[in-house]
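Assemble the dimeric complex from its two separately framed chains, guided by the hints.
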Amino acid sequence: MMEPEIVIKADNVVKSFGDRTILDGISLEIYKGETFVIMGGSGCGKSTFLRHVIGSLKPDSGKIFLLGKDLSKIDENEMDKVRMKIGMCFQSSALFDSMTVGDNVSIGLREHTKLDKSVIDIVVKMKLEMVGLRGFENLMPSALSGGMRKRVGLARAISMDPEIVFYDEPTAGLDPIVAGVIDKLIVDLSKKLNITSVVVTHDMKSVFSIADRVAMFYEGKVLEIGTPEEMKRSKNPMIQQFTSGSPDGPIRFFQQKDDYLERLVA
Amino acid sequence: MFRFFGRPLGLPQNDVRTSITKVGEMNLFAGIGKIIIGTYRQVVDVFALLFDTIAWLVMGPSKHKSVKREGIFHQAVFVGVGSLAIVFFVSLFTGVVIAMQSAYQLGKFGANIYVAPMVAVSLARELAPVLTALVVAGRVGAAIAAELGTMKVSEQIEALETIALNPVRYLVVPRFLALLIMLPCLTIFADMMGIFGGFLVGVFNLKLDPHRYITFTFQYMMWKDVWTGIVKSVVFAIIISMVGCYMGLGTKGGAEGVGKATTLSVVTSFILIILFDCILTGVFFFANQ
Ligand SMILES: Nc1ncnc2c1ncn2[C@@H]1O[C@H](COP(=O)(O)OP(=O)(O)OP(=O)(O)O)[C@@H](O)[C@H]1O
Ligand SMILES: [Mg+2]
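Chains A and B are the protein sequences, given in the same order.
Using the numbering used here, the letters of the first sequence correspond one by one to residues 1 to 266.
Using the numbering used here, the letters of the second sequence correspond one by one to residues 1 to 289.
Think of the hints as simulated: they come from the structure by calculation, not from any bench.
One thing to keep in mind: the hints can contain errors.
[Claimed, not checked] Here are the in silico distance ranges between beta carbons for each label pair:
1) 229(A) <-> 73(B): 49 to 59 Å
2) 74(B) <-> 78(A): 29 to 39 Å
3) 81(B) <-> 12(A): 48 to 58 Å
4) 58(A) <-> 44(B): 18 to 28 Å
5) 66(B) <-> 78(A): 14 to 24 Å
6) 112(A) <-> 73(B): 14 to 24 Å
7) 4(A) <-> 57(B): 37 to 47 Å
8) 75(A) <-> 44(B): 15 to 25 Å
9) 263(A) <-> 35(B): 26 to 36 Å
10) 256(B) <-> 11(A): 30 to 40 Å
11) 256(B) <-> 263(A): 24 to 34 Å
12) 117(A) <-> 256(B): 38 to 48 Å
Note that the Cβ used here is the ideal one computed from N, Cα and C, for glycine as well.
Chain B on its own, in the form it takes in the complex (with noise of 0.2 Å):
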């Protein structure tokens, strides 16, 4: 347990960007071998932040260390309420976009009521969890990596540690706790907000019937269809937080670096959503046969 309270720092030591600008000067399979074993450790340095953050949410309370309330609230209020507005505008254009879309194709077969079932499941089952997600990690990602960052390069971190405050305890944790209590909880904002786009096109532009609209979207969206969504968004929760707080933890050199990191973040965040998107798909999907 408590792999990083060894460390003086509580910080990441290696840099996959330091291995990829010095690729150059040595041939093409050590500079190969050079990236993967520094990706490798990243990984594992990941894995210890999180083992870190769990450790100190669980033990934390009966070591009399526990988080304090108010930073985790604070964390969630600009994580979850700031996050309203561009949810809410993502997914219900979102929801047009696909009632529309998918129109276009059920039209040829008369079967236009079928876009409330279509647009419901394909948003709960995906396109929330997965584009709330891509949101909060441009926004709250970002903004994660940018603060512990500067903090770091100001010596924020070291005087923290100096003051016997733990910086996984006093930074880490509460952004972990607010994106995993505020992710879901958004998806769920962008769920329904994205079958209100797609009501508002049935409605008035295929001139469906608003209450049968209704009853064809909850006939055919099974509660699984939800879950899986907040599971997905549970693990993009982890996602977010963990890169953006280890970037944040891990920046060198000033001003540049701060930036190197907030853009990495976002990269990095984006790519492992995608990814683990489609890992957890094919786990649902094949788990269903």
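Only chain A is shown next, with the shape it has when bound in the complex (with noise of 0.2 Å):
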């Protein structure tokens, strides 16, 4: 079998903000055409993490490359290029807010390409169709509830047909049966279109429906990285403890109870 095509790297990236390292020392590749889970509890660095592929943070040090580029070498004309391929759906949905939902969906087709605006309105349908969204293009952002809005986002990244497409928490706070339409949309594109996905998201069901690989973060390092049957047989207790929701394991959301009482007295 062949080599399968690296299209993400990250070797070392390492991140503070102040004093605080988010991301302490990730290295992982990410192939064309899987789908690829981020885990990690919460605030442990998965969207601080996708913020230096997609090139809007620099990392302290450590390199990423991107559809083959070197993210540290390349400048801003290149950066752009290499943007034009990818989708980014954002956990706030950071849709434009002062934009029509259908203005969200088609501004990338209106600024990069030279498409008739009656093309532009049918990709535009198509892909709102696509979340179940059809017929929502005239409604302002503020106009719909947080689920809409996510599924706009989604729309809104893949609306240029990009060749690798971010999700952070697409299905959080949706519905089961909106969230497994979703589950299933991120898998046929990547199915039928090799589109590379990147998610990360906590739903365990949906990691085992939809990933191809998974990578689990803990205090900012990758604990393990394999196939969800893999990480399903893991040995490793704090891999265990996520997979089933266990409060009690050696991950520890409270502070041990001398912790604790040293910190109020401190």
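Written out as structure tokens, the structure reads:
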């Protein structure tokens, strides 16, 4: 079998905000066409990692390669060329609230292509149809619910038919049926169009239904990478605890009792 | 060139607010030093933003990345048409006030007719550009900072960059151009309305002959008075747009951050407008000697 093509490569990425180290040496490789899921506790740096991969944050040290380009070496023009080939679905949706839903979805096509307005309108309808929001083109984002906003963000992310799509918790806050539809959409895009998907999610059900491979982040490091089956069978107690969602285990949510007392009286 | 292009967020990284809040923790001199360094960095950043904006304006079209006309038009309507009413009232009443105040002095010498040039010259040289700029800084500068600040904290700026749209080109340049075009227009409008206000006082209160009032106005008001005022308003337009955009794009920390950015942008613009008014008046004054 041929070596799979690497489209994203992170090499020992370190990032601190002030004196807090958020990413502490992340290394991983993502192959073309696969659906790669990133799991990990809230606040462990998953969104921050995505921001580094799409080039909106620069690492303190380490390298990131996106579609074969070293992000620390290319200038803004080349970066823009790379950005045209990726789509990002933000955790907070990040819709442009001065534009209608339709304009939000079509902005990339309007600004970067010479397509006719009628063609763009059809593309917008198609993309909105895919996320189940056909007919909402003329509403303003402020008139949508959180889940609907998230889906518009998704339609915007795939509007330019990118090679890689990043999804930051695409199904959080959606009802189970819509979440299932979105999961299926992610799988369809990657299987039918050979799009690479990088998905951050907490939803164990969707992890097992969409992921080709899973990476588990913990305290700024990659704990383990493997297929969902491997993760399930993993001996690592932290991964077991995460997959089963149990409050007891090596990952502590609450401080130890004596710790807490110490902090209180300090 | 393109200093901002190199930076992924295209945004100011430092913040004078943080340096001020930390002053209490250290000795006075370190504190003052920190504020000076912070301010210096901010000035450098604002100039970088200005050069970047001009670079996009000049170089953009040749790279097929010119600024969309609709965006500029939309902003120009907001800046220009939207400010007409408030500029009208401010300048009309300023004209009335100047006329009455100078009549109080000139009347003692029986020189009431000199109210006409007094009003026209002080408006054209000084009051119309400065008052219009202050009004627009309060209205438009604040709106720019609040809008861009909200976009920043809700990740919209980041989203824009991910779609390969440069925030300077897409957001800053249209606002810059709109102010650069509309503020001088508003200033000329303010000149006319102020002179009209003085005329009302002169004719109805001081019983001056309308024809003579107008003749006197244009006899003593030179072209130079008008264009120095216009030059001032161009500089003020640059100040308002750059400060508003800089504060907006540098916003940190949610709704509170947006509020701070808005306030800071208005306060900074006011101070800079008065400061540059003083400098420019000095330049025109000494150049004339
Ligand atoms: N701009 C920033 N300045 C300072 N700290 C930041 C910044 N961005 C993120 N952080 C910190 O980095 C840590 C990781 O944040 P991040 O958003 O990556 O978490 P996450 O893994 O996506 O969490 P969640 O699952 O809740 O979305 C958090 O503790 C956050 O406080
Ligand atoms: Mg996150």
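Evaluated hints:
Separated by about 58 Å at the C-beta atoms, residue 229(A) and residue 73(B) satisfy the suggested range of 49 to 59 Å. Distance hint check: the CB atoms of residue 74(B) and residue 78(A) are about 31 Å apart, consistent with the given range 29 to 39 Å. At about 55 Å, the beta-carbon gap between residue 81(B) and residue 12(A) stays in the expected band of 48 to 58 Å. Taking 18 to 28 Å as the suggested C-beta distance range, the pair residue 58(A) and residue 44(B) conforms, at roughly 20 Å.
Separated by about 20 Å at the C-beta atoms, residue 66(B) and residue 78(A) satisfy the suggested range of 14 to 24 Å. Between residue 112(A) and residue 73(B), the C-beta spacing of about 21 Å keeps the proposed range 14 to 24 Å intact. Range check, residue 4(A) to residue 57(B): Cβ separation about 45 Å, and the 37 to 47 Å hint holds. Here the CB-CB span from residue 75(A) to residue 44(B) is close to 21 Å, well matched to the stated 15 to 25 Å.
The supplied range of 26 to 36 Å is met by residue 263(A) and residue 35(B), whose beta-carbon atoms lie about 34 Å from each other. Between residue 256(B) and residue 11(A), the C-beta spacing of about 38 Å keeps the proposed range 30 to 40 Å intact. At roughly 27 Å, the beta-carbon separation of residue 256(B) and residue 263(A) lies within the given 24 to 34 Å, and the hint holds. Distance hint for residue 117(A) and residue 256(B): a CB-CB separation of about 41 Å, consistent with the stated range 38 to 48 Å.
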